[in-house]
Amino acid sequence: MEKETVIKVEHLAKSFGSFQAVKDVSFTVSRGDVFGFLGPNGAGKSTTIRCLLSLIKPNAGSIELFGKSYSNSRSEILSKIGSIIEKPDFYKYLSAQKNLEIFARISGATVSKSQIGEMLEFVGLAGRGGDKIGGFSHGMKQRLGIAQTLLHQPDLIILDEPTTGLDPQGIVEIRNLILRLKNEQNKTILLSSHQLSEIELIANRMVIINKGKSIVEGEVQDLLNAQELLVHLEVDAVEKAKQVISAHFNNAQFVGETATELEVAIEKSQVPNLNKALIENGVQVFALEPKRKLEDFFMKIVQS
Amino acid sequence: MLLKNTYNEFVKILAKPRSYLGIGALTLLIGVILFAMKADGGSFISFVTASFEQTLSFNGNILNGNLIGFIILQMLIIHIPLLVALVTGDLISGEAAMGTVRMLASKPISRTNIVLSKFIAGAVYTLILTLWLGFLALIVSKWIFGTGDLIVLNSDGLVILQEQDILWRYGLAFMVAFLSLLTISTLSICLSAFADNSIGPIVSTMAIIILFTIIGSLDVSVFDAIKPFLFTTHMASWRSFFEDPIPMSKIIQSVVILLAHNIILVIIAIVKFNKKDITS
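Keeping their order, the protein sequence lines are chains D and H. Residue numbers are given in this note's numbering: position 94 of the first sequence equals residue 94, and the series is strictly consecutive. To get this note's numbering, take the position in the second sequence, counting from 1, and add 304.
Just chain D, with the same shape it has in the complex (with noise of 0.2 Å):
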């Protein structure tokens, strides 16, 4: 049975003056879909994040959410999203307790001062909800950000880079709070990041966009573990090693070298018999590296 299509992107741009922040981004998630938003620092990630809320007006494209558009069933929509954009913020001034109060009453559903309760003990803030969030780590205040997002039991949660400027610890919690929600609640997740490391982990579907516009989308398994490699080879005698290769590997094919140092796609399955073939016929191998060709791609990406 074909899955529910949650979100619709389609051909999206849109404009600040002369900058355009997004080109044409499309993609497509599911119900039930851990969804990656990948792309690097200026990609157009947020822009387009901001556009799924109704909180920037896209110039063209069009975007539908649980079959609907923002032209007719505003309210609607967003009664079933919950979403953190870039960081929490929360009224310094008010406790914990009293800011999911504020964005309960607005999040269309009725939500009990008990329910609000078992929200910080599910974000493991337990017992802090009477503290002001003006002493709060930004860690908790990210916990207490996935919290307003869960308050009014939303169908689509909306992540937009959550483990920005946390340590190595918070990011593990905020890591595992967003695998509960996929394992325990069986949300819908879309969740943006710089980080292919992080997608991996958790999504199992991904989009990746670069300078506005959206690349690749796909299965996270599919994409990541293609049987095709792109292995890096730094030999002692490049024109040999090509030699021997294009002689023992019909579907090789040389993506780039310099003097000391070749790349070639190659299939996973041969790449023993890739370092065994050259050493047999006397290239000496210093080093062999494998690398999968998306992570490769991104890689090139964001160093561009």
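Rather than coming from a laboratory, the hints here were simulated on the basis of the structure. Glycine is no exception: its CB is placed at the ideal position from the N, C-alpha and C atoms. There's no promise every hint is true.
Each pair of labels, with its calculated beta carbon distance range [said to hold, decoys possible]:
| no. | chain 1 | residue 1 | chain 2 | residue 2 | range |
| --- | --- | --- | --- | --- | --- |
| 1 | D | Glu118 | H | Leu435 | 37 to 43 Å |
| 2 | H | Ile432 | D | Ile215 | 54 to 60 Å |
| 3 | D | Glu118 | H | Ile518 | 41 to 47 Å |
| 4 | D | Gln185 | H | Ala319 | 28 to 34 Å |
| 5 | H | Ala319 | D | Asn59 | 35 to 41 Å |
| 6 | D | Gln169 | H | Val428 | 41 to 47 Å |
Partial pick of chain D residues on the chain H-facing surface, computed with a CB cut under 7 Å [said to hold, decoys possible]:
| no. | residue |
| --- | --- |
| 7 | Asn59 |
| 8 | Ile102 |
| 9 | Ile106 |
| 10 | Val216 |
| 11 | Val255 |
Guided by the hints, dock chain H onto chain D, whose structure is given.
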């Protein structure tokens, strides 16, 4: 949803220290005036009535609560706008500065309702400030200085209002004073919709008041056409209730212009906030 968010706005206003700054400052200012009048009010009255003493004889308790209330209202109605703008100018832009506006605007509440709830909360705060002003200026003054007839010095001369003829005038005067302050509140909320920081709308509100007041007081014909439409021209209309006879058509005209300002400013704020890309 409007009621729920208006309640939220009250919770926020009540929790902000700056909300109490206005009430505290008002209490302090009136306290200073009351102390000064108690200490040396006689000289102050003599200075005012000196030019009339050749033709008139003043008997009884002239320096009474009614007169002190009038003096306080006249002195402070110029300064209270700052105390109002301090709170209301922060209502929308403060959310942008704190980053909470994006959380607010991504909830299932219309942006129109967000602005309207802030306007209602701002109006209630202004009403509380006006009532507090009335309590201190009139009730506390009467308690300290006693009651009596009210002598008001107008441009036409002295107006003497009998004790039993004063309270209703104060009631109506405070209503018009509230409408004047409400215009300030609405102006600062409107400016707040254009800004992403707290200080800008507060300073801009005061700058507009000063600019319009200067234009209104300049005796230059080039401004004559616009003077009747400046809200600052009508901010002292409450004073007309202490004239005899009361110029009702002049007061109604002021009320209409102030109400029109409020409606137009709320509409501008709603349109601006609805069109705004929330990037903060």
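Mind listing which of the numbered hints don't hold for this structure, in increasing order? Going through the list in order, the structure violates hints 3, 7, 10, 11 and respects the others.
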